[in-house]
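Q: Here is what each chain is made of, one letter per residue.
There are 2 protein chains.
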Amino acid sequence: MQTIPAKHGVAVRLEPGQAIAVVNTHGTQVVDTWAFVADDLTEVMSMEHSRVENGRMIPPIGGDFFTNRRAPILTLEADESPGIHDTLMAACDRRRYERLGCTTYHRNCADNLAEALAALGVPPQPTPSPLNLFMNIPIHADRSLGQGAPVGHPGERVVLRAKRACIVALSACPQDMTPINGENRMPTDAHYEILPG
Amino acid sequence: MQTIPAKHGVAVRLEPGQAIAVVNTHGTQVVDTWAFVADDLTEVMSMEHSRVENGRMIPPIGGDFFTNRRAPILTLEADESPGIHDTLMAACDRRRYERLGCTTYHRNCADNLAEALAALGVPPQPTPSPLNLFMNIPIHADRSLGQGAPVGHPGERVVLRAKRACIVALSACPQDMTPINGENRMPTDAHYEILPG
Chain A
1 MQTIPAKHGV AVRLEPGQAI AVVNTHGTQV VDTWAFVADD LTEVMSMEHS RVENGRMIPP
61 IGGDFFTNRR APILTLEADE SPGIHDTLMA ACDRRRYERL GCTTYHRNCA DNLAEALAAL
121 GVPPQPTPSP LNLFMNIPIH ADRSLGQGAP VGHPGERVVL RAKRACIVAL SACPQDMTPI
181 NGENRMPTDA HYEILPG
Chain B
1 MQTIPAKHGV AVRLEPGQAI AVVNTHGTQV VDTWAFVADD LTEVMSMEHS RVENGRMIPP
61 IGGDFFTNRR APILTLEADE SPGIHDTLMA ACDRRRYERL GCTTYHRNCA DNLAEALAAL
121 GVPPQPTPSP LNLFMNIPIH ADRSLGQGAP VGHPGERVVL RAKRACIVAL SACPQDMTPI
181 NGENRMPTDA HYEILPG
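As you go down the protein sequences, you meet chains A and B in turn. Using our numbering, the letters of the first sequence map in sequence onto residues 1 to 197. Using our numbering, the letters of the second sequence map in sequence onto residues 1 to 197.
Interface residues of chain A toward chain B, partial, derived using beta-carbon atoms under 10 Å:
#1 Arg51
#2 Asn54
#3 Ile58
#4 Thr87
#5 Leu88
#6 Met89
#7 Ala90
#8 Cys92
#9 Arg99
#10 Ile139
#11 Ser144
Label-pair ranges, simulated between beta-carbon atoms:
#12 A:Gly146 - B:Val151: 22 to 28 Å
#13 A:Pro154 - B:Thr103: 47 to 53 Å
#14 A:Asn184 - B:Ile194: 46 to 52 Å
#15 B:Met177 - A:Thr42: 26 to 32 Å
#16 B:Pro16 - A:Pro124: 28 to 34 Å
#17 B:Glu183 - A:Glu98: 45 to 51 Å
#18 A:Asp189 - B:Asn184: 51 to 57 Å
Hints listed in this document are in silico derivations from the structure and should not be mistaken for laboratory results. Nothing here was measured: the structure is a model prediction, and the numbers come from that model. The beta-carbon is built from N, C-alpha and C at its ideal position, and this holds for glycine as well.
If we strip away everything but chain A, and leave its shape as in the complex, we get:
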């Protein structure tokens, strides 16, 4: 297993048929997740297209996430967690923390994505709306949105299998000003494992 260090990001290339298991090692860590088609980085996993194609907030087990060109890119093959993930919320970024009152730089998922891509030699990309694994955003009847603590348990895994050659980026969300990474507001490491085709 490989580490996603707390508050940092990683990116890996998956070939078609390979999968990535994302592990919520401590049970309370949100992992922002993106996928870019390897040979055309402008084609990306899209939450808004996936919602249309699935008719659901997230795909069922065995269902696919789709790109902004409506092609399947990752299959949600398995999910050991209670299945509470978010597809509504933008990745946190520098300005998010400024608006929350930070006066100095705060690590954030958007910069983690850029750093992770840079480590693979990939230039900065616009930040797609992420798949926020393990993130608990309750949707209330009046369509207000909560900021809940994750509801899963240590060691639970989500397996995403590639239908295209793609670059998958993961960010262990640095948010420590809301309970989104647990009531203790303490971002932690998470882990991942590449699974063969």
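Here the structure of chain A is known, so what remains is to put chain B in place on it, guided by the hints.
A: For chain B alone, coordinates are given in the frame of chain A:
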């Protein structure tokens, strides 16, 4: 009042303080809506950032839509409709209709956006996730998403006031294969009016 012809798009430039009233003339027409900052088209109205900043699916009356750089761009100044609008679903595009079974070209909101921008001399842009005015996407308890008919009434207006100089694009959605534009599946004209600052 200006016409948004059925199944077509329009774009207009708003100066700060000006507003656009979007009129659901026949009560059943979804109007996909986008906004681009006039002097930097890569800064766009973002549903995922607006959801975070408002803590709601759409802003309250008097609240703002935000850009992908978390700056207010349009204020939801007034809404005569029941307030059922969608921020979850991607704009329809050529591939959406192919996946629904179309074997010939079907007009679509993504191409309407490109045509509307071209009429202002603006080159094609990536299609941001739209504000789907008057679109009724019920969210069920199991997080499945419906495709409902609009619940408003003829002549109801939504007023969006510009906080930045911006290009606002509107598409009278051509969808006639689902009930999203009414049970009759008959896209209609809508209208708009520019209001002074």
